[in-house]
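A.B. asks: Assembling the complex is the task here: the two chains are given apart, and the hints tell you how they should meet.
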Amino acid sequence: SQTIHQWPATLVQPVGSPLSLECTVEGTSNPNLYWYRQAAGRGLQLLFYSVGIGQISSEVPQNLSASRPQDRQFILSSKKLLLSDSGFYLCAWSRWGAPNQPQHFGDGTRLSIL
Amino acid sequence: AQSVTQLDSQVPVFEEAPVELRCNYSSSVSVYLFWYVQYPNQGLQLLLKYLSGSTLVKGINGFEAEFNKSQTSFHLRKPSVHISDTAEYFCAVSVSQGAQKLVFGQGTRLTINP
Numbered sequence: 001s002q003t004i005h006q007w008p009a010t011l012v013q014p015v016g017s018p019l020s021l022e023c024t025v026e027g028t029s030n031p032n033l034y035w036y037r038q039a040a041g042r043g044l045q046l047l048f049y050s051v052g053i054g055q056i057s058s059e060v061p062q063n064l065s066a067s068r069p070q071d072r073q074f075i076l077s078s079k080k081l082l083l084s085d086s087g088f089y090l091c092a093w094s095r096w097g098a099p100n101q102p103q104h105f106g107d108g109t110r111l112s113i114l
Numbered sequence: 001a002q003s004v005t006q007l008d009s010q011v012p013v014f015e016e017a018p019v020e021l022r023c024n025y026s027s028s029v030s031v032y033l034f035w036y037v038q039y040p041n042q043g044l045q046l047l048l049k050y051l052s053g054s055t056l057v058k059g060i061n062g063f064e065a066e067f068n069k070s071q072t073s074f075h076l077r078k079p080s081v082h083i084s085d086t087a088e089y090f091c092a093v094s095v096s097q098g099a100q101k102l103v104f105g106q107g108t109r110l111t112i113n114p
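Protein sequence lines correspond, in order, to chains A and B. Residue numbers for the first sequence follow this note's numbering, beginning at 1 and rising by one. Residue numbers for the second sequence follow this note's numbering, beginning at 1 and rising by one.
A hint or two may mislead.
[Stated by the list, open to error] To give an idea of the chain A side of the interface with chain B (calculated C-beta under 7 Å), a few residues:
1. A40
2. G43
3. L44
4. G87
5. L90
6. S94
7. P99
8. Q103
9. G106
10. D107
Simulated from the structure, these hints should not be mistaken for laboratory data. For each residue, glycine too, the CB sits at the ideal point set by N, CA and C.
Isolated chain B (complex conformation) (with noise of 0.2 Å):
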């Protein structure tokens, strides 16, 4: 079974730093993934996916993910931050049985410190 593994609960940055959220995942089959990010009391917003093709994919607000397929691993990367990055990231996995399904994990809390 398909599952998501984000190896930092939080992570407190300063301000214009760079910064790197971790994600890990197991699956037997070809994935696809994708980040999310959570403001507070709201819904999720899509940053960005990996279907195929090239393992560097960029998102919106200059996010931008690399996929390794040999560490199972599809980290969330950033140059440099601003205080409105702070928010909650969701990496998932798409699972496929009929309906599409995405598999969470758990959560990256990101504190953008001036």
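Here chain A stands alone, though its shape is the one from the complex (with noise of 0.2 Å):
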């Protein structure tokens, strides 16, 4: 069966400093892999989707950045966080080249900027 891994599940850090979250999935090759932030009490906002090693889609201007250095890894990146970073980060991944099956997601972390 897949599975899919984010880490950490929780994450404080300062203004201005960098940020790496990442994504790894199991039991699957070749998946579309996908960042979504959600902010308090709010739906989820698409920020990045590949479709394969080193394949990014960014859905909207923002202060971070995304890599796929391998198949089923996927990492989320800031050089100078800003506190409208703040949120819950969430990977979901779904199989390729087929829109109606569905996204599965990890279990999110929650990043704090102070």
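C.D. replies: Here you go:
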């Protein structure tokens, strides 16, 4: 069966510091990968998605970037965090080439910026 | 462009009462629809999905949803709720543009009172 792992679960960072959140998927090959942000009391905002190694699509201009160095690894980064980067970050995967299949989510990372 | 509207931001109900969470979508093409549940500080878990065929779909935890094409709705129902159903519920529509992407509603917070 497939599993998705995100870490860390919680993170407290000062303004201006760098960020690296990691997500890995097991049990499947060539998945589509996604990063979402969920602000307090709000819905999900798609930040980035990837259909293959090195292929990253950005949905909104922002202070963050994403990379996919390996088939089942997706990393969310920032060089300098802003207060507005606080939120709950979720990674998800779906089967490549299957638009009718659901996305499967990790447990999320709670990011607080001080 | 596809969009999803969840008509109620909060729904309080008493334990063992029935509940309906409303979802309307807009799309000019065939749709795939999903309901997800999010418990506090966790990721999203798939409740059920509509891909094609029977308009009444059954999911986990006793939930079901009915796809109504003429009303562009996909309401979620449960005949008798339990305290453990307290969570945030998200309706989503699939958009296929190269990669499968989901457009989420803003969520409905379901609160079960004893």
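A.B. asks: Against chain B, run the beta carbon of A/G87 and see if the smallest gap drops under 7 Å.
C.D. replies: Cβ of A/G87 sits 13 Å from chain B, so the hint is violated.
A.B. asks: Please verify that hint: A/Q103, Cβ, nearest Cβ of chain B, below 7 Å or not.
C.D. replies: 6 Å, holds
A.B. asks: Given A/G43 as an interface hint, is the shortest Cβ-Cβ distance to chain B below 7 Å?
C.D. replies: 4 Å, holds
A.B. asks: Per the CB criterion, is A/A40 less than 7 Å away from chain B?
C.D. replies: 12 Å, violated
A.B. asks: Just to be careful: measuring from the Cβ of A/L90 to every Cβ in chain B, is the smallest value less than 7 Å?
C.D. replies: Result: holds, 6 Å to nearest chain B Cβ.
A.B. asks: Should the interface hint for A/G106 be scored as holding, given a Cβ-Cβ cut-off of 7 Å against chain B?
C.D. replies: 5 Å, holds
A.B. asks: Closer than 7 Å between Cβ atoms is the bar; does A/S94 clear it against chain B? Give me holds or violated.
C.D. replies: Interface hint status for A/S94: holds (5 Å vs cutoff 7 Å).
A.B. asks: Holds or violated: A/D107 as interface residue toward chain B, Cβ cutoff 7 Å?
C.D. replies: Holds, about 5 Å.
A.B. asks: The hint names A/L44 as touching chain B; please verify it with the least Cβ-Cβ distance against 7 Å.
C.D. replies: 5 Å, holds
A.B. asks: Given A/P99 was flagged as interface, is its beta-carbon under 7 Å from a beta-carbon of chain B?
C.D. replies: 3 Å, holds
Going down the numbered hints, you'll see the structure goes against 1 and 4, while the others check out.
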